[in-house]
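Peer 1: Here's the letter readout for the chains.
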Amino acid sequence: NAGVTQTPKFRILKIGQSMTLQCAQDMNHNYMYWYRQDPGMGLKLIYYSVGAGITDKGEVPNGYNVSRSTTEDFPLRLELAAPSQTSVYFCASSPSEGGHTGELFFGEGSRLTVL
Amino acid sequence: QQQVKQSPQSLIVQKGGISIINCAYENTAFDYFPWYQQFPGKGPALLIAIRPDVSEKKEGRFTISFNKSAKQFSLHIMDSQPGDSATYFCAARGPQGGSEKLVFGKGTKLT
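So the sequences go chain by chain: D and L. Numbered according to the working numbering, the first sequence spans residues 70 to 184. Numbered according to the working numbering, the second sequence spans residues 10 to 120.
The following block holds chain L by itself, in its conformation from the complex (with noise of 0.2 angstroms):
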């Protein structure tokens, strides 16, 4: 079963801070790598994504950074502000290509 596991469940950060969360997969034929955010009592929403052949990816505040030898990405928050808190959702696109093979992680709740 294809699987995207994200950690930590949950984090805390200071007004300030940098708030890291970590995605690993396994399945090296994923091919799009989407951060959603989720407001509480709303749907989540496309935050930041990256393709495997790009390390890094800057949007303001928010990095992917994305190391394809570990299978591994992560979203980096700069400047965590208390807007920030949310729930955050890493996700991976299917080999067959096409939105409808999106796999999610569990999910962060960032505070």
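Just chain D, same shape as in the assembly (with noise of 0.2 angstroms):
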């Protein structure tokens, strides 16, 4: 079981460089989330999706860009990198409002640098 695959797990990125974090999951979940951690802060929610062709604006979306093509996959786009996005980012689905218990399922992370 794959469950939800992001890559890449490190990247360090030049201030002003743009680049994906991808994330894919093989549950067949209408729900995925992109959330950065950074030490001591919990978990911050950028961006999430409801289904494909539907995005919406978390807690911390500034600086980031998100689409949802398919139920499958869900990019975090990240322009002009910033030293204030080093983070870990972290991807995570759910099952839809009929059946679900309320449980994300997380990505291992993808660790950012922006130097």
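Treat the hints loosely; a few may be bogus.
With a Cα cut of at most 20 angstroms, we get these calculated SDA-like pairs of lysine to any residue [as the list claims (entries may be wrong)]:
| no. | chain 1 | residue 1 | chain 2 | residue 2 |
| --- | --- | --- | --- | --- |
| 1 | L | Lys-110 | L | Ala-58 |
| 2 | D | Lys-113 | D | Gln-91 |
| 3 | L | Lys-115 | D | Val-157 |
| 4 | D | Lys-78 | L | Pro-49 |
| 5 | L | Lys-77 | L | Gly-103 |
| 6 | L | Lys-66 | L | Asp-88 |
| 7 | L | Lys-51 | D | Pro-108 |
| 8 | D | Lys-113 | L | Gly-103 |
By construction, these hints were calculated from the structure, which means they are not laboratory data.
Assembly of the complex is requested from the two constituent chains, each provided in isolation within its own frame, with the hints serving as guidance.
Peer 2: As structure tokens, this is what we get:
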């Protein structure tokens, strides 16, 4: 069972560069999320999606963009990387409202450093 | 802003001891309170969860106690083991329903 797969696991960017963090899930979950985790700060929601073609902002969306063209994939785009975006990024998914338990299934994270 | 306040930030417990982590919230519309466990280099994983109509839930050595009137809930780990060393996050689901509004505490590192 692959679950939620994130790539890359590690990446170093220079200030001003752009990149895309990939996230794929094979559980046919409608809901998908991107969180960032900073030391001592918990997890902050960046963007989420309730289904293909539908996305919405979370608590800390500035500097990021997302798209959801398929149920399986939910890439996170960083434009003009800044040192403040140095963090560990987690993608997660959960079943749809009709049968969900409220549980999020997380990937193993992507550690991004912006220098 | 919806918040969940978690304490302590870190906790050291002897093998066989009891670990207690506390969380407090303000929004009475929260309808689901999960705890997530995260090992180094891994993503968080659901440990145990409770709904506000229940005062206590136990799964093995892990127990959630929920005090609706005080707007507090806590995680108790009985007979703590070295394998319990991890970071624990409490969370609360927002009033809109659905996991998309899950708000996390800042975490407790248990050693």
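Peer 1: All the hints need checking, so say for each whether the structure fits it.
Peer 2: These are the hints, each one checked on the structure:
Between Lys-110 (chain L) and Ala-58 (chain L), the direct Cα distance comes to roughly 15 angstroms. Compliance with the 20 angstroms bound is thereby established for this hinted pair. Pair hint Lys-113 (chain D) plus Gln-91 (chain D) holds up; C-alpha atoms about 18 angstroms apart against a cutoff of 20 angstroms. Distance restraint check for Lys-115 (chain L) and Val-157 (chain D): the Cα-Cα separation of roughly 14 angstroms lies within the 20 angstroms cut-off, and the hinted pair is therefore satisfied. For the suggested pair Lys-78 (chain D) and Pro-49 (chain L), the alpha carbons sit about 14 angstroms apart, so the restraint of at most 20 angstroms is met.
Between the alpha carbons of Lys-77 (chain L) and Gly-103 (chain L) the distance comes to roughly 15 angstroms, so the proposed pair stays at or under 20 angstroms and holds. At roughly 17 angstroms between alpha-carbon atoms, Lys-66 (chain L) and Asp-88 (chain L) fall within 20 angstroms of each other, so this suggested pair holds. Of the pairs offered as hints, the one joining Lys-51 (chain L) and Pro-108 (chain D) holds, with about 14 angstroms between alpha carbons and a cut-off of 20 angstroms not exceeded. Simply put, Lys-113 (chain D) and Gly-103 (chain L) have alpha-carbon atoms about 14 angstroms apart, close enough for the 20 angstroms limit, and the pair holds.
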